[in-house]
Structure formats: C-alpha cells, structure tokens
Amino acid sequence: MSALAAYWRSAVGKKMVMAVTGLILFAYVFVHMLGNLQLYAGDGGKAINEYAAFLHSTRAAPLLWAARIVLILCVVLHVWAAIVLTIQAWGARPVRYAKRVYREVGYAARTMVWSGPIIGAFIVYHILHLTCGSAGLPFQELRAYENVVNGFTLWYVSAFYIVAVLMLMLHFNHGLWSWFQTLGWSHPAQDRARRCVANLLTAIVVIGDLSFPIAVLAGLIKIPGGVA
Amino acid sequence: MKLDSRIPSGPLEEKWTRRKNGVSLVSPANKKKSTIIVVGTGLAGASAAASLGELGYTVKAFTYHDSARRAHSIAAQGGINAAKNYQNDGDSVYRLFYETLKGGDFRARESNVYRLAEVSNNIIDQCVAQGVPFARDYDGHLANRSFGGAQVSRTFYARGQTGQQLLLGAYSALAKNVGAGTVQMFNRKEMVDVVVIDGRARGIVVRDLVTGELETHAGEAVLLCTGGYSNVFYLSTNAKNCNVSANWRAYKRGAGFANPCYTQIHPTCIPVAGDYQSKLTLMSESLRNDGRVWVPIRAGDNRSPDQIPVAERDYYLERIYPSYGNLAPRDISSRAAKRMCDEGRGVGPGGRGVFLDLGDSIKRLGKNVIEERYGNLIEMYERITGEDPYSVPMRIYPAVHYTMGGLWVDYDLMSSLPGLFVLGEANFSDHGANRLGASALMQGLADGYFVIPTTIGDYIANSKLPKVTVDRPEFTEARQSSAAFVQKLLAVKGHRSVDSFHKALGLILWEHCGMGRTKESLTTAIQKVRALRDEFWADVRVTGDAADLNQELEKAARVADYFEMGEVMCRDALLREESCGGHFREEHQTEDGEAKRDDENFCHAAVWEYAGPGKEAIRNVEPLAFEVVHLAQRSYK
Amino acid sequence: MKLTLHIWRQKARSNKGGFQLYTLADVSEHMSFLEMLDVLNEELVVKGEEPVHFEHDCREGICGCCGAVVNGEPHGPKSGTTLCQLHMRHFHDNDEIWIEPFRSKAFPILKDLIVDRGAFDRIIQVGGFIAVRTGSAPDANGITVSKESSDLAMDAAECIGCGACVASCPNGSASLFVSAKLSHLGLLPQGQPERLKRALAMIRTAEAEGFGYCSNYGECEAVCPKRIGIHHIARANCDFHKASFMVYQGTGGKAAVG
Numbered sequence: 001m002s003a004l005a006a007y008w009r010s011a012v013g014k015k016m017v018m019a020v021t022g023l024i025l026f027a028y029v030f031v032h033m034l035g036n037l038q039l040y041a042g043d044g045g046k047a048i049n050e051y052a053a054f055l056h057s058t059r060a061a062p063l064l065w066a067a068r069i070v071l072i073l074c075v076v077l078h079v080w081a082a083i084v085l086t087i088q089a090w091g092a093r094p095v096r097y098a099k100r101v102y103r104e105v106g107y108a109a110r111t112m113v114w115s116g117p118i119i120g121a122f123i124v125y126h127i128l129h130l131t132c133g134s135a136g137l138p139f140q141e142l143r144a145y146e147n148v149v150n151g152f153t154l155w156y157v158s159a160f161y162i163v164a165v166l167m168l169m170l171h172f173n174h175g176l177w178s179w180f181q182t183l184g185w186s187h188p189a190q191d192r193a194r195r196c197v198a199n200l201l202t203a204i205v206v207i208g209d210l211s212f213p214i215a216v217l218a219g220l221i222k223i224p225g226g227v228a
Numbered sequence: 001m002k003l004d005s006r007i008p009s010g011p012l013e014e015k016w017t018r019r020k021n022g023v024s025l026v027s028p029a030n031k032k033k034s035t036i037i038v039v040g041t042g043l044a045g046a047s048a049a050a051s052l053g054e055l056g057y058t059v060k061a062f063t064y065h066d067s068a069r070r071a072h073s074i075a076a077q078g079g080i081n082a083a084k085n086y087q088n089d090g091d092s093v094y095r096l097f098y099e100t101l102k103g104g105d106f107r108a109r110e111s112n113v114y115r116l117a118e119v120s121n122n123i124i125d126q127c128v129a130q131g132v133p134f135a136r137d138y139d140g141h142l143a144n145r146s147f148g149g150a151q152v153s154r155t156f157y158a159r160g161q162t163g164q165q166l167l168l169g170a171y172s173a174l175a176k177n178v179g180a181g182t183v184q185m186f187n188r189k190e191m192v193d194v195v196v197i198d199g200r201a202r203g204i205v206v207r208d209l210v211t212g213e214l215e216t217h218a219g220e221a222v223l224l225c226t227g228g229y230s231n232v233f234y235l236s237t238n239a240k241n242c243n244v245s246a247n248w249r250a251y252k253r254g255a256g257f258a259n260p261c262y263t264q265i266h267p268t269c270i271p272v273a274g275d276y277q278s279k280l281t282l283m284s285e286s287l288r289n290d291g292r293v294w295v296p297i298r299a300g301d302n303r304s305p306d307q308i309p310v311a312e313r314d315y316y317l318e319r320i321y322p323s324y325g326n327l328a329p330r331d332i333s334s335r336a337a338k339r340m341c342d343e344g345r346g347v348g349p350g351g352r353g354v355f356l357d358l359g360d361s362i363k364r365l366g367k368n369v370i371e372e373r374y375g376n377l378i379e380m381y382e383r384i385t386g387e388d389p390y391s392v393p394m395r396i397y398p399a400v401h402y403t404m405g406g407l408w409v410d411y412d413l414m415s416s417l418p419g420l421f422v423l424g425e426a427n428f429s430d431h432g433a434n435r436l437g438a439s440a441l442m443q444g445l446a447d448g449y450f451v452i453p454t455t456i457g458d459y460i461a462n463s464k465l466p467k468v469t470v471d472r473p474e475f476t477e478a479r480q481s482s483a484a485f486v487q488k489l490l491a492v493k494g495h496r497s498v499d500s501f502h503k504a505l506g507l508i509l510w511e512h513c514g515m516g517r518t519k520e521s522l523t524t525a526i527q528k529v530r531a532l533r534d535e536f537w538a539d540v541r542v543t544g545d546a547a548d549l550n551q552e553l554e555k556a557a558r559v560a561d562y563f564e565m566g567e568v569m570c571r572d573a574l575l576r577e578e579s580c581g582g583h584f585r586e587e588h589q590t591e592d593g594e595a596k597r598d599d600e601n602f603c604h605a606a607v608w609e610y611a612g613p614g615k616e617a618i619r620n621v622e623p624l625a626f627e628v629v630h631l632a633q634r635s636y637k
Numbered sequence: 001m002k003l004t005l006h007i008w009r010q011k012a013r014s015n016k017g018g019f020q021l022y023t024l025a026d027v028s029e030h031m032s033f034l035e036m037l038d039v040l041n042e043e044l045v046v047k048g049e050e051p052v053h054f055e056h057d058c059r060e061g062i063c064g065c066c067g068a069v070v071n072g073e074p075h076g077p078k079s080g081t082t083l084c085q086l087h088m089r090h091f092h093d094n095d096e097i098w099i100e101p102f103r104s105k106a107f108p109i110l111k112d113l114i115v116d117r118g119a120f121d122r123i124i125q126v127g128g129f130i131a132v133r134t135g136s137a138p139d140a141n142g143i144t145v146s147k148e149s150s151d152l153a154m155d156a157a158e159c160i161g162c163g164a165c166v167a168s169c170p171n172g173s174a175s176l177f178v179s180a181k182l183s184h185l186g187l188l189p190q191g192q193p194e195r196l197k198r199a200l201a202m203i204r205t206a207e208a209e210g211f212g213y214c215s216n217y218g219e220c221e222a223v224c225p226k227r228i229g230i231h232h233i234a235r236a237n238c239d240f241h242k243a244s245f246m247v248y249q250g251t252g253g254k255a256a257v258g
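Chains as they are written, first to last, in this note's numbering: chain H, 1 to 228; chain X, 1 to 637; chain B, 1 to 258.
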C-alpha cells in the first residue's frame with residue numbers, strides 16, 4: 001500500500017493515472033460514437049431507440065451503473081491529478097519570462113489546461129441535454145433519435161457541440177500521443193508510428209462525432225413526418 | 001631545493017609492482033581520521049577524490065565551477081590511449097611507453113612513463129565498467145582509432161567527446177561518493193593559498209565565489225588537480241577559467257615548478273577571426289586520420305581551394321614525413337604549418353592558416369562515414385566559421401593547447417613541498433617536452449584512479465602528522481595575506497580592464513615565447529612582461545566588491561599570477577639552450593628545421609624555486625637517467 | 001551591426017532584479033554571442049560600472065556552463081547549439097535582444113544571468129552512476145554491447161547538463177536531463193543491476209528539488225543543444241512504473257531507496 005501511495009504522490013504516478021483514466025474515457029467516447037452511428041440506420045430511429053431502451057432496461061442496469069461509476073471515477077481521478085500537477089507546474093517557475101517563443105509546443109499541448117475544463121463543462125451540459133432532459137431543450141424519455149435531431153436542429157446547440165468536439169480533438173490528439181510517452185512505449189525508430197496512431201484514433205472519433213450535427217443540419221438525419 | 005625523485009629500484013617493468021608491494025598501508029580507522037583535500041575535480045581530481053573516498057579517507061573536494069562536471073577535461077575530443085592490443089596490431093605496454101617517451105622528446109622520466117603505459121589498460125576497464133559509452137564495432141567489441149605519433153590503433157574514443165564521457169564517468173564516481181557521504185563536495189570555491197605547517201602542506205584557503213568569503217580547511221594532505229596554464233597566452237584552446245593560480249600559490253609556498261617552457265601548440269585549431277576573439281577552438285587531431293593537410297605550392301595563391309588543381313597543392317606533411325604523413329606529432333605538425341605560412345603560402349584572412357581537407361576521404365568512404373566519425377566536429381566548425389567542411393576544406397592553424405610543464409613531483413606524485421601532491425596536467429611528470437594525442441586523459445585518470453590511492457597511503461603512514469586545526473596561526477596568516485591581495489587588486493582603481501592586460505600579455509608571449517623562440521625574443525619578452533606587470537598594478541580597474549560574486553576580481557587575481565608565471569616561463573625557455581618537443585629554440589635546429597636536442601647539457605628537468613617577493617626564481621635541476629631507452633634523434637620521416 | 005540589448009540585472013539571490021537597457025555599436029557578425037557580451041563588459045568596466053555577470057567556460061559548447069534565454073529561447077534562436085556557439089551572424093542590424101536568465105524555482109539566480117544548478121548534481125548523487133569500485137573492473141572487452149545500444153546510450157550521454165530543458169519547459173521540468181542519464185546507464189548491460197532503483201531515486205529527487213512534471217510538450221528536445229530526444233523520457237517513465245512496484249524495498253518499509 002505504501003508503494004501505491006508513494007506512486008500516487010509522484011508526478012509520474014499521477015501522469016500514469018491520467019494516462020489510464022484518459023484512455024478509459026477515450027474508449028468510452030469511441031464506443032459512444034460507434035453506438036451513435038445507428039443514427040444513420042435510415043430507419044427513423046428504430047435501431048438507436050431500441051439500443052437506448054436496452055441500455056436502460058433492468059437487465060442492463062448493473063452494467064450501465066458499473067460503467068457510469070467507472071466513468072465518474074475516471075473523471076474525478078483525471079481532473080484531480082490534472083489540478084495537482086498544474087499547480088505543481090505553476091510553482092516550478094515562480095518568475096515568468098519577459099519574452100517567450102515556443103519552438104515545439106503545439107496548440108493542442110498548450111491548451112490541455114483549457115480544453116479539459118471546456119470539455120468538462122460540455123459533458124455536464126451534454127448529460128443534462130440528452131440523459132436527464134433538463135437542459136431546457138425538447139426531450140422525451142428513451143427517444144434518443146428524436147432528442148438528438150430536435151436538439152441539433154437548433155443551430156446554437158449544434159455549434160456548441162461542434163466547438164466541444166473540436167476541443168476534444170485537441171485534447172485527444174495530445175493525450176493519446178502522451179499516452180505512449182507516459183506509459184513508456186518509445187523508441188526513436190517508432191516516433192512516427194506513435195504520432196500516426198494518435199492522429200488516426202483522434203480522426204476517427206472526431207469525424208464520427210462531428211458528422212452527427214452536420215448530418216442533422218444538412219437534413220440527412222431527420223424525423224419522418226417532421227417534428228415529433 | 002632537494003629533488004629526490006624516489007624512483008623505485010629494479011628493472012623498469014617491475015618498478016611499479018615493487019613500489020605497490022613496498023608501500024605502507026593505512027588502517028581503516030586511521031584512514032577515516034585522515035582528511036585529504038582535493039583541489040580541482042577534472043579527470044585527475046574527480047577520480048582521485050572518488051577512489052580515496054571509497055578507500056575510507058575523509059575527502060574534501062573543491063572546484064571553482066558550479067559542478068564537478070564542468071572541468072575542462074570535458075572538452076578533450078579525440079580519445080584515450082591504452083596498450084590493450086585489441087586490434088592485434090603489435091601494440092604492447094612497452095610500445096606505448098616508448099612512443100610516449102619518444103613523443104616527449106626524451107625529456108620525461110622513464111619510470112613514470114612506463115607506469116603510465118602499464119596502468120593504461122586498467123583505465124579502460126574501469127571506464128567501461130562505469131558505463132562510459134566508448135565506440136564499438138558491429139560485433140559489440142570496443143573500437144579503436146589511430147592518433148598522432150603512433151603506428152598502431154590504440155586510441156579508444158566516444159565520438160568526438162571522449163573527454164566528456166570520461167569526465168562524466170569520473171564525475172559519476174565522485175557523485176556516488178558524495179551521495180554516500182564519503183566525499184564532501186565544495187562547489188564554487190577557488191583555492192587561493194596553501195597552508196604550510198612545520199614544512200608540510202596541511203591545508204588550504206579558498207574563496208567562496210558567491211559570497212567572497214575566505215575559508216580555511218585543514219587536512220593531512222593536499223592534492224592539486226588544477227590543470228595547466230595555457231591561458232597565460234590569453235588565446236588558447238583552454239576554457240576561459242583555466243588558470244595557473246592554485247599551482248602558482250603552491251609554488252610560492254615552496255613547491256618547485258618544473259619546465260614551464262614546455263608548452264604544446266596544437267596543430268589543428270580554427271584560426272583567429274578578429275581582435276574580439278576570446279578563445280580558440282580545437283578541431284580534434286583525429287581529423288588528421290581522414291583529412292589531408294595542404295597549402296598552395298605558389299606563395300600568395302588566393303584562388304578558392306576548389307580552383308587549385310591537385311598538382312598545384314603541397315601536401316607538405318605527407319611530403320616531408322612520408323612514414324607518419326598527416327599523423328606526424330603535434331609539435332612537428334604545428335611548426336610545419338608555421339613554416340608554410342611564413343613562406344607566404346598560408347590561406348584565409350591574414351594568411352595564418354592551412355587547409356585540412358576531408359574531400360578525398362568523403363570520396364573514398366562516403367559522406368555518411370565521415371559524418372559518423374566527425375559529425376559533431378564538422379558541425380562545430382560550420383557554426384563558428386559559417387563554412388561547410390563537406391564542400392570547402394577546413395582552415396586550421398596551431399594554437400596553444402596543453403602545458404607539459406607543471407609542479408615538480410616525485411615518483412609518488414608528491415611535490416617538493418611534503419604533503420602536497422600534484423596530479424594530471426598540473427604536474428610535469430609524464431609527457432616530457434611534448435604530449436602525444438590521447439595521452440592527457442590517460443595521465444589524468446592514471447594519476448587519480450591508480451597512482452595516488454597507492455602512494456598517498458605511504459605518505460600518511462610514514463609521516464608524523466599531528467592533528468592541526470584551522471585555529472593555527474599559519475591559517476590566519478594565509479587567510480590574511482589572501483585578503484590583502486584581494487584588497488590590493490581592488491585598490492588600484494585604474495583605467496584599463498583586466499582583459500585588456502591579459503590580451504596584451506598573451507600577445508607578448510605568443511610572439512616571443514610561442515612556436516619559435518630565440519635568445520633575443522625571450523630577452524625582449526621578459527622586459528615587456530615586467531613593464532606590463534608594473535602597468536597592471538598601476539592602472540588596472542577591478543570593479544565590484546570583495547564580498548560578492550565578482551568575476552572581474554576572479555580574473556584579476558589570475559592575471560596577476562600569469563605575469564609572474566609568464567616571466568619564469570620565458571626565463572626557463574631562455575636558459576634551455578636546446579630545442580626539444582614543444583620548446584623550439586630557433587638557434588638549435590637541424591639542417592631541415594627539426595628540433596635539435598642537447599642531451600649532454602640539458603637532459604634534465606629544470607625546476608624553479610621561489611626565492612621571495614621581488615627576487616629572481618632559482619633554477620634547480622633533476623637529471624634524467626635513461627636506463628632502458630636509447631636517446632635518439634626523434635624522426636617521423 | 002548595431003544592437004539594443006535588454007539584459008536582466010540582479011545583484012544577488014535575495015535582491016530584486018530588472019531589465020537594463022544597453023546599446024552596442026559595431027558588433028561583428030563573426031563574434032560569438034558571448035564575445036558580444038565581452039565587448040559590452042569591456043565598455044562597462046572602462047566606465048567603472050560592474051559588468052554583466054554570466055557563466056561561461058569552455059566556449060566550445062561542451063562544458064554546459066553558459067546559457068541564457070535570448071529573445072524567449074534558451075541558448076538563442078539557433079537550434080542544436082549552446083549560447084557560446086551562437087554567432088552574431090544570426091542577428092541583424094538594429095535588432096533588439098532580450099537576455100534573461102534560465103528561470104526555474106530549482107535554479108535560483110545568483111547574479112545577473114548566473115543561476116545555481118546544484119539541483120542537477122544532487123539528482124546525480126542519488127543514483128546517476130554505476131557503482132564500481134576502483135580497480136575491480138573486468139576486462140573491457142569482456143562486456144560486449146550491441147552497437148545499437150551503445151549508440152543510443154551515447155546519444156543520451158551527450159547531455160551537457162546546461163539546464164536549457166528546464167528553462168524551456170512550460171512546466172519547468174527536468175525530465176529530459178534525468179531521463180538522459182537514466183537512458184545512458186539503463187541501455188548498457190553494466191547499468192542493469194541498479195537500473196530500477198536508479199530511476200526511482202533520481203525521478204523522486206528531481207521532484208523534491210522543485211522541478212515540474214513532464215507534459216510531453218517536446219520543447220526541451222527542441223532547444224537541447226545536444227538534440228537529446230524525449231523518447232528517453234518515455235523510457236524513464238517505464239522504468240519508474242516498474243520500479244515503483246517491483247523494487248524490493250526491504251521489510252522495514254518505505255525509505256529503502258536512494
């Protein structure tokens with residue numbers, strides 16, 4: 001136990017916690033995106049609504065809650081570690097430079113501290129909108145398809161969503177690449193491979209997620225017979 | 001001055017073994033009670049401090065740097081010699097010994113040089129075990145390269161940064177001991193005096209370079225591992241902070257200074273570019289493995305090098321020294337370059353330069369191979385000059401690089417002041433009148449890892465050393481005189497900067513006591529140095545306070561010592577009426593311009609003794625006896 | 001060329017510092033950056049003012065003494081070089097140059113541009129070595145090392161300990177410095193016995209010294225005068241993970257490492 005405590009106390013340990021929780025959260029977003037691809041089934045939402053019903057059925061409830069607990073735990077640990085580390089980093093340079101030029105630090109890496117909280121805020125809003133139905137937007141219990149379409153038809157809902165996904169893109173891109181680095185998979189000969197894997201995974205999620213509001217706004221996904 | 005070299009009896013190859021078997025040992029309990037003060041933490045100092053700490057002595061190590069890792073040993077590029085004979089090309093301890101002695105123009109002690117060759121193999125073992133990443137062949141074994149003055153491949157190297165890797169090895173051993181508490185490390189403290197009690201070195205005074213405070217430390221023995229004095233010339237390849245002060249203050253306390261005129265001019269440095277130049281940069285001699293040195297045949301040929309056809313080039317080293325060619329020893333190559341430039345065939349701005357051309361090797365081996373071997377050197381050259389050596393030949397010119405002279409030591413590395421030991425470049429012992437490439441690293445580590453741990457015990461065990469503390473009046477006196485010296489410098493409040501004096505001194509010495517020396521030039525030099533020294537004490541401006549981090553004050557104290565040391569160097573050169581190795585008296589040369597020794601009258605080390613303020617130093621002599629080697633005219637043709 | 005310099009002046013560690021303005025006429029493009037400062041200092045000394053203090057020694061890019069942040073970049077605008085090897089040909093007439101010390105909580109300023117990098121020594125002292133008693137080494141060729149490992153180790157071993165990695169890192173992390181030493185020793189067979197213990201001790205000490213953590217920005221790699229890669233940091237992380245749970249810490253509890 002003391003080894004685990006010492007590990008958590010160390011920055012590298014906390015980075016590892018961020019890496020592992022980050023990967024779980026990424027995996028969730030990935031699966032979530034795959035599930036949402038059912039919006040394209042062309043069946044007026046039958047498939048995705050059945051999928052939603054299944055997830056909310058008593059049979060799947062333990063699984064759902066287990067997943068929710070894991071995810072909440074991951075978010076808590078991820079944010080906690082991030083806050084502690086950020087404070088540590090700020091403390092490491094008490095006097096700022098008068099001039100500063102970055103050669104390598106990319107936009108994604110530099111904005112992790114901002115993309116994180118923005119994504120956090122979005123997640124809260126996203127859950128209120130599509131899980132709890134208490135975001136003040138049209139909502140019907142277990143009618144996922146209709147809720148999505150009705151929401152994204154409003155341009156500002158789509159816009160916020162798109163901004164959040166773009167933030168997610170930045171966050172994932174640096175996060176996934178960092179993941180290799182923190183876990184320790186690294187060799188000069190594989191630098192490019194790591195970069196490619198990070199870019200590819202990010203691209204898949206982002207393209208998938210961005211496609212939903214665009215498809216709704218473009219009328220590719222619509223409710224048969226108009227607004228329900 | 002009594003100069004007892006204490007060379008063990010017996011055949012040459014058994015001397016060191018006999019010495020090791022004969023030394024008195026110190027019990028573990030007494031080791032703990034004995035404090036050894038190590039000044040300087042380069043190769044010699046760090047390896048000595050680490051080894052002595054490991055043995056159980058109480059060790060205090062001092063450096064003026066912020067870390068032991070900064071010592072100038074770090075800048076050695078090419079490699080380190082050892083008689084491993086891994087290449088099966090006929091190398092042996094005897095051969096390494098003989099070539100080192102011959103390279104030094106027979107002006108070193110046989111016994112010391114033989115011991116150096118003998119322990120060279122242990123050094124490589126030690127360093128590899130420490131994790132020094134020497135270059136390796138594809139089969140995983142150690143690689144070797146050739147170096148000047150040798151016909152076998154015995155040089156071990158780590159890219160162009162061998163000194164760095166060896167120093168980091170010694171530094172890591174030192175750090176381990178500091179971590180374990182067996183060595184106490186003092187950074188940013190410069191030694192300013194040696195404290196002598198009852199005729200023995202018993203401590204030092206150091207100046208804390210951050211606070212300016214003068215501190216005293218007492219011990220049973222003092223080791224000076226403080227490097228050479230090339231910077232007396234201002235422009236040299238030495239780091240800016242390298243200085244002679246620790247050695248000079250020890251000299252003034254009774255340690256003899258041997259052969260100050262033996263200075264080495266390295267043939268392959270980047271030529272001077274302007275009068276703002278602060279130091280010179282060496283291009284490793286290893287480049288001569290694959291580079292060909294040439295100048296145009298016709299004087300005043302200003303064409304760019306690619307416009308000069310091969311037939312109009314003079315590959316003068318290959319022409320004059322066909323058997324060693326571009327790998328002729330340093331002193332010989334340097335003087336040859338000077339002769340070419342004196343004939344008006346020099347290249348580059350001011351005509352003080354010759355070409356070092358990698359072109360043929362690039363054609364033969366491909367750019368990749370050359371890049372792998374010398375990439376970092378080539379990059380460094382490109383950075384400094386703005387020219388690309390892959391397409392334009394490099395320009396090189398000799399520069400002061402190393403000083404073979406130093407404090408006199410006996411076989412046990414003890415100076416003429418009992419209790420004061422001198423290691424590495426700071427002593428005079430192993431290189432005679434000229435040092436071969438890749439031998440400085442070898443000597444520093446041999447002294448620190450393998451010689452001093454054996455010999456210091458003998459001194460501690462056989463000397464009656466009553467415990468002394470820094471409360472003794474000798475410590476107070478030394479601290480006060482150091483403080484007075486600092487105040488004297490600050491009090492001048494003149495108009496000229498320390499650097500301007502140092503540059504002027506360097507110019508005098510380079511011109512009159514550099515690559516070629518004459519009776520006339522040396523006499524002039526002595527007069528000029530004296531006049532400039534008087535001007536220094538009348539007109540130098542040292543800004544800032546004594547109780548502060550004050551780089552001007554640090555420099556001023558060192559330059560003050562250079563004035564005194566420079567004069568003794570010129571007098572040594574004046575009185576040595578022969579040419580040998582790096583000391584070239586133009587009056588004494590063979591018909592084809594090579595150094596001509598006078599073994600009858602000068603087969604000795606000249607050891608200078610301090611006679612008191614304002615008095616001329618006294619020249620003493622330690623005759624060199626050659627029992628095994630036959631003294632020959634050095635030939636590399 | 002003519003230059004305007006804004007240089008950080010600070011009398012001592014406990015004093016407050018600030019920028020001071022200087023102008024220099026007639027700077028040659030062949031000068032090194034430090035030689036340019038020499039010229040300025042010569043002018044200051046003749047005027048009786050205290051010169052700008054900066055750390056320097058070998059002036060050939062290997063001792064690791066020199067370093068300052070020039071116009072926002074440690075060691076200045078040219079990559080793969082130390083400040084002493086930066087030449088004025090990379091600047092232009094009438095340029096304005098900001099020169100400030102490496103800034104890090106773990107590198108307190110001693111005077112002007114001189115900082116105390118003693119923390120690096122203390123990190124090495126807890127494990128940056130292969131423990132071998134003088135004289136106890138086996139024959140050097142008795143240990144074979146593949147050329148690939150040896151070359152990779154040498155890449156890492158080239159670190160000069162200048163601290164530019166720390167100065168450049170937005171988090172003030174020393175991860176590149178620490179990992180370079182861990183890779184150098186950890187890639188060689190000689191370094192295996194102490195490998196995990198070494199990683200644990202050095203990384204923990206770096207943190208205790210007040211350095212930040214690694215966010216994988218890669219800025220250190222970009223400014224490193226020896227171009228040491230951040231893949232070494234990944235290797236160090238890996239060793240640290242293993243070490244945290246696999247180093248036998250004795251039956252007495254926690255503090256058996258270091």
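Any given hint could be a false lead.
Calculated lysine to any residue pairs in the SDA-like style (CA-CA distance at most 20 Å, straight line) [what the hints assert, rightly or not]:
1. X/31 <-> X/2
2. X/2 <-> X/620
3. H/46 <-> H/224
4. B/147 <-> X/92
5. B/16 <-> X/464
6. B/197 <-> B/247
7. B/197 <-> H/2
8. H/99 <-> B/79
9. H/99 <-> B/26
10. X/252 <-> X/616
11. H/99 <-> B/94
12. B/147 <-> X/138
13. X/33 <-> X/471
14. X/615 <-> X/554
15. X/252 <-> X/547
16. X/367 <-> X/350
17. B/2 <-> B/77
18. X/464 <-> X/198
19. H/99 <-> B/197
20. B/197 <-> X/534
21. B/78 <-> H/101
22. X/493 <-> B/9
23. H/99 <-> B/42
24. H/99 <-> B/98
25. X/2 <-> X/198
Hints are computed from structural coordinates only; laboratory data are not their basis.
Given the structure is predicted, the values throughout are model-derived calculations rather than measurements.
Right, here's what the structure says about each hint:
no.	hint	result
1	X/31 <-> X/2	violated (29 Å)
2	X/2 <-> X/620	holds (9 Å)
3	H/46 <-> H/224	holds (11 Å)
4	B/147 <-> X/92	violated (27 Å)
5	B/16 <-> X/464	violated (53 Å)
6	B/197 <-> B/247	holds (7 Å)
7	B/197 <-> H/2	holds (16 Å)
8	H/99 <-> B/79	holds (18 Å)
9	H/99 <-> B/26	violated (25 Å)
10	X/252 <-> X/616	holds (12 Å)
11	H/99 <-> B/94	holds (18 Å)
12	B/147 <-> X/138	holds (5 Å)
13	X/33 <-> X/471	holds (18 Å)
14	X/615 <-> X/554	violated (26 Å)
15	X/252 <-> X/547	violated (25 Å)
16	X/367 <-> X/350	violated (31 Å)
17	B/2 <-> B/77	holds (18 Å)
18	X/464 <-> X/198	holds (11 Å)
19	H/99 <-> B/197	violated (39 Å)
20	B/197 <-> X/534	violated (59 Å)
21	B/78 <-> H/101	holds (12 Å)
22	X/493 <-> B/9	violated (23 Å)
23	H/99 <-> B/42	violated (27 Å)
24	H/99 <-> B/98	holds (7 Å)
25	X/2 <-> X/198	holds (16 Å)
The structure does not agree with the numbered hints 1, 4, 5, 9, 14, 15, 16, 19, 20, 22, 23 stated previously, though it agrees with the rest.
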